[in-house]
Structure formats: C-alpha cells, structure tokens
Amino acid sequence: MVFDFKKKGQSEGGIILFNNVEEAIAAERLLMAAGYEARLVAPPPALRKGCDLAVEINLVEQTGIERLFAEKKAGYLEILPVKGKGALLGVVKVTDFGEAVMVKAGNMKLTFEKESGRVVNVSGGGCPDIPYLHACLIDKKLTEARRPKEYGYTLCSLMLDRAFIESLDIWKGNGGRS
Amino acid sequence: MLLICGTIPDEDFPLTIGPVAFDEESLFLDGKALSCTQGTAALVGAACKVTAYLGTEAPRALLVGDRGMGKGSRSLYEYLIRNLPSLSPRVLVLHYMLPVMGLMKRVVESSERCPRKPVLVADAAAMYAAKAAGLAPRFDIFTPDHSEMAFLADPEASHPAYVSRHLFESDSAMIPELALAAHRHGGAAKMLVVKGATDYIVEDGRVVGCVSTPDIPALEAIGGTGDTITGMLGAFIHAGFGFREAANLAAKINRLSGLHAAATPFTKIRHIIAAIPAAIEECFPSNFVTQQGPDVGDLS
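If you're matching them up, the sequences are chains A and B in order. In this note's numbering, each residue's number is its place in the first sequence (first place is 1) plus 421. In this note's numbering, each residue's number is its place in the second sequence (first place is 1) plus 6.
Warning: the hint list may mix true and false statements.
What follows is a list of derived Cβ distance ranges for each label pair [what the hints assert, rightly or not]:
1) A/G456 with B/N89: 39 to 49 Å
2) B/L186 with A/G456: 21 to 31 Å
3) A/A467 with B/M7: 41 to 51 Å
4) A/L498 with B/G140: 24 to 34 Å
5) B/A58 with A/T564: 34 to 44 Å
6) A/L498 with B/H172: 47 to 57 Å
7) B/R171 with A/K562: 30 to 40 Å
8) B/R122 with A/G594: 49 to 59 Å
9) A/E571 with B/G108: 23 to 33 Å
10) B/G61 with A/E571: 42 to 52 Å
11) B/P283 with A/I446: 50 to 60 Å
12) A/E443 with B/P143: 25 to 35 Å
13) B/S81 with A/R460: 42 to 52 Å
Subject to a maximum C-alpha distance of 16 Å in a straight line, what follows is the list of computed EDC-like cross-link-like pairs (lysine to aspartate or glutamate) [what the hints assert, rightly or not]:
14) B/K196 with B/D210
15) B/K274 with B/E30
16) B/K196 with B/E162
17) A/K561 with A/D582
18) A/K504 with B/E162
19) B/K38 with B/E63
20) A/K514 with B/D177
21) B/K111 with B/E84
22) A/K535 with A/E458
23) A/K514 with B/E175
24) A/K506 with B/E162
25) A/K494 with A/E443
26) B/K77 with B/E17
27) A/K470 with A/E444
28) B/K274 with B/E31
29) B/K274 with A/D560
30) B/K77 with A/D560
31) A/K493 with A/D560
Honestly, the hints are just simulated from the structure, not real lab data. Since the structure is predicted, the reported quantities are computational estimates derived from the model, not experimental observations. Virtual Cβ for every residue (Gly too), placed ideally from N, Cα, C.
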C-alpha cells in the first residue's frame, strides 16, 4: 500500500528517493528486515525526482541506513529531509585549549591531546549511539580508532564522524602533532 | 517521584525501572551496576548527588539498552505511553533516546492524562523529538547547548545536523535572539536553560538570568557536563525549588564542580559529579536543611 505523503500521520522527517519502483520496493523490504520502520509513500512534489515512489524513514537513522544500503548494494538516489534546504551541516569550529584541541561539528564535539593524538573527550549529541561511540573512542589514538560512521546509526554519529575526520586532518597536518 | 528516562550503551540491558543508588563509581538500578559515563548515566548520577545532599527521595530511573538501532528506545516510549498515568511522576526528565516524533507525541499525550501533569523536562534527543514534532510548548523546560539552541531556532530543522549554517555560525551573544525566535515559532519549551560559556535562563522567549562564573572553558569539552546540569535541575525542582532558582543553582553548581575538580579538557565526567556535594555546600549555608518545597505548579 502506498500512502499519500500529505494525508498520513506524523512524518519522521526523512525520505529516500529512487531511480525506479523496483528499487523502492526492494529498499522498503530491506529496511523492514533490518529492523527499521519504513513505508512506501508518494514523494512530496517539491522533492520528486527519479520515480514516483519513495520510502519514508526516520531521518535521524540516515547514517545506519546509508551503511546498510552500501553493504547490500541497494540502489537509491538520495536521502533528504522532508523540510528545509536538505543540506547537512558541513562547517566545523576549532578551539585550542593549549594541550588539547576541540573540534565541533554540528551538535558534536571531539577533543584530542596534541602531544599524542589521543581522544580525551567526546561531548554533545543526544542520540543513543553517542554514549557507545564515546566509550569506544576515549583514550584511542585518532590514527587507530574506527570512524564513527562505520558503526554509528544516527545523524549525531555522522556529526561526530565529521569532527573525527577534521581532528585527524588537523593532527596529520601538523606532522602528527598539532 | 522524579523519573529519569533514557538509554544506556548496553544492548543487553533490559527495560528497567526503579530507584537508583550511586556509590561514587557506579549507578545501581535493580541490582545491576552501570558505569557513570557521558549520557543519561551522568544525568542520573548528578541527580543522585543532589537528592543525597538534600535528603530528598532518590530519583527513579527508567533505563534501557540501545546502541542506536532504536529498539530499546521504542520499548521505552511504549512503556511510558502505557504507564505514565499510573506512575504519575511529579517531574519527568526525558533524555537520550532515538528521536521518534510520533511516539514522543503519544508520550506527551499520556503525561497529560496523569492525575496531575508532571513537570516535563527534555534534553538530548528527547528534546530533538519534542521540537521536531511541534511539541515544544507543551514542555516546561529544555536544556540545549549553543548548537542545539540554533536547532530550536530553525523552524525547518528536524535534527541539529540539518540546522541552517548561519544559525550554527551565530555568535553566543546571539543566544537571546535565537531563544526569542524559537519561542515565536513554537520551537521552545516554556523555559530554556541554554548551556555555554554563559548559561542563559530564558522564560517565554525572554532572558531572565545568566550564570557566567566561575568561568571554566574546559567544561564544554567534557562529555556529560550538559547532562549533569539537567540532572541537578530535575532534582532541585523535585525538591520544591522554583524553576528559575533550580536553573540558577544547577548552572552555578556545575561550574563550581568544575572548579573543585580542577577541570581540564582531559577530565572525565565522574570527577565532575564527585565534586558536586562540595559545590552545593558552597552555594548553601552549611546547616542547610531541605523541606519539601512549595507546589512546583505555583512557582514564578
């Protein structure tokens, strides 16, 4: 059953667009089998591209869904927020604490020690993968830790990934010492 | 009852509700030990410190394991939807959980079926869900940081990752304007406690207080220092303090805890939490004795 996007109840903020109907149907099945809540919808006219069938998702789960699609080689055009300009925040802010540097991306902050490149703190965020990522990253060297988006599921983990990559660039850009 | 709800990073931890004990290193809920780390555990730990100091009832926690896939979070929402009217907490703090707007809406509706509507406090992704679902004005208090304040002020963003760049890049001096914008388009709770270099206390879009001393810049880097403010705030309100006084105390004590812990970017949140009693002592007369305070609904 395909729902009219405007007529259904509370939207969870995200929509996946596809090249063709077959991709959309396969994606919905894949998502449901993996434990995600997803359903086929007619995309809002302003977002329509590719085929006339889309899958509605909880936008917050974008990171895990993109990874699942990559692992399963599932085809899709893009994942977009239903409202807004559709652009993920790309800008970062850097704070120098002397012995440590804090990199902020969106609502996430990662702080590493200049001398060793070791992650000393992770703060911000609010999605349930963040406390786990925090525990996994603390005391790890940036060069040895896994990227957060490889095992996070949410947009918070995607922001943490951006802070992580920027931190790594700063660390490497200074010859392994900021 | 002060009821704190959130997730912990252990997929095997079942949905559990009960009073929480805290022994400096670990939280104990239903006989199970939990590490007091960044997230809801830090919030609960800070609340426990306040209730222990004041001699008030220990917080109850509703916790579940979830590493991001959302299964635990959904069970938590469903439990609240079914049981809030019978639990009828005086203060309900919603924290780390997968933001699911449809379920959050049903939780708020359930809270409104309590014999007496709880004081609703949201932080972290519970706040994201409440704002994105258009439920913010039905909450009493949100506790955002600066970037989350930008999110609340952006009428179209459903998560801080999609906030408009110009709002994200706004200077902290813009927080009063962001708070007013959030209030005007329905993105703010009745009170906001905006955590940052200066902590702003905002009521109905208007700044009514600021806390900026002691100035401990390293607190921003330490994971959990926002959680501790929210936990203390909930505990003070439950003890009968007015919202504004509770917000002032929570912000001030958090900073003093950082001072007592000699906070640096390397400090861990458990060291900040351990310093809370000394910080409270500094704020109150040494012979301070708590009475169950005035009706929270009557505070102004």
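Hints, one by one, checked against the model:
1. For the pair A/G456 and B/N89, the beta carbons lie near 24 Å from each other, so the given range of 39 to 49 Å is not met.
2. The hint said 21 to 31 Å for the Cβ distance between B/L186 and A/G456, and at roughly 41 Å that hint is violated.
3. Here the CB-CB span from A/A467 to B/M7 is close to 46 Å, well matched to the stated 41 to 51 Å.
4. The hinted window of 24 to 34 Å between A/L498 and B/G140 holds, with their beta carbons roughly 28 Å apart.
5. For B/A58 and A/T564, the hinted distance range of 34 to 44 Å is satisfied, since their beta carbons lie about 42 Å from each other.
6. Between A/L498 and B/H172 the C-beta distance comes to about 28 Å, which lies outside the given range of 47 to 57 Å.
7. The supplied range of 30 to 40 Å is met by B/R171 and A/K562, whose beta-carbon atoms lie about 31 Å from each other.
8. Between B/R122 and A/G594 the C-beta distance comes to about 57 Å, which sits within the given range of 49 to 59 Å.
9. For the pair A/E571 and B/G108, the beta carbons lie near 29 Å from each other, so the given range of 23 to 33 Å is met.
10. Remark: the range hint 42 to 52 Å for B/G61 to A/E571 is upheld by a beta-carbon distance near 47 Å.
11. Remark: the range hint 50 to 60 Å for B/P283 to A/I446 is upheld by a beta-carbon distance near 59 Å.
12. Look at A/E443 against B/P143: about 44 Å separates their beta carbons, and that is not inside 25 to 35 Å.
13. Against the hinted window of 42 to 52 Å, the Cβ-Cβ separation of B/S81 and A/R460 comes to about 21 Å, which falls outside the hint.
14. With a C-alpha separation of about 5 Å, the suggested pair B/K196 and B/D210 falls inside the 16 Å cut-off, and the hint holds.
15. For the hint pairing B/K274 with B/E30, the CA-to-CA distance comes to about 13 Å; that is within 16 Å, so the pair holds.
16. In summary, the hint linking B/K196 to B/E162 is not supported, as the alpha carbons are separated by about 20 Å, beyond the 16 Å threshold.
17. Between A/K561 and A/D582 the alpha-carbon distance is near 15 Å, which keeps this suggested pair within the 16 Å criterion.
18. About 6 Å separates the Cα atoms of A/K504 and B/E162, which keeps this hinted pair within 16 Å; it holds.
19. Between B/K38 and B/E63, the direct Cα distance comes to roughly 20 Å. Violation of the 16 Å bound is thereby established for this hinted pair.
20. Of the supplied pair hints, the one linking A/K514 and B/D177 holds, its CA atoms being roughly 12 Å apart against a limit of 16 Å.
21. Straight-line distance between C-alpha atoms of B/K111 and B/E84 comes to about 11 Å, which keeps the hinted pair within the 16 Å bound.
22. Using a Cα cut-off of 16 Å, the hinted pair A/K535 and A/E458 is violated, with the two alpha carbons roughly 42 Å apart.
23. Taking the CA atoms of A/K514 and B/E175, the gap is about 9 Å. The hint holds against a cut of 16 Å.
24. For the suggested pair A/K506 and B/E162, the alpha carbons sit about 8 Å apart, so the restraint of at most 16 Å is met.
25. The straight-line distance between the Cα atoms of A/K494 and A/E443 is roughly 14 Å, inside the 16 Å bound, and the hint therefore holds.
26. Proximity of B/K77 to B/E17 is assessed by CA-CA distance (about 9 Å); at most 16 Å being required, the pair is judged to hold.
27. With a CA separation close to 14 Å, the supplied pair A/K470 and A/E444 stays within the 16 Å bound.
28. The suggested pairing of B/K274 with B/E31 holds, with an alpha-carbon distance near 12 Å, which does not exceed 16 Å.
29. For the hint linking B/K274 to A/D560, the alpha-carbon distance of about 11 Å falls within 16 Å, and the restraint holds.
30. Between B/K77 and A/D560 the alpha-carbon distance is near 29 Å, which puts this suggested pair outside the 16 Å criterion.
31. With a CA separation close to 33 Å, the supplied pair A/K493 and A/D560 exceeds the 16 Å bound.
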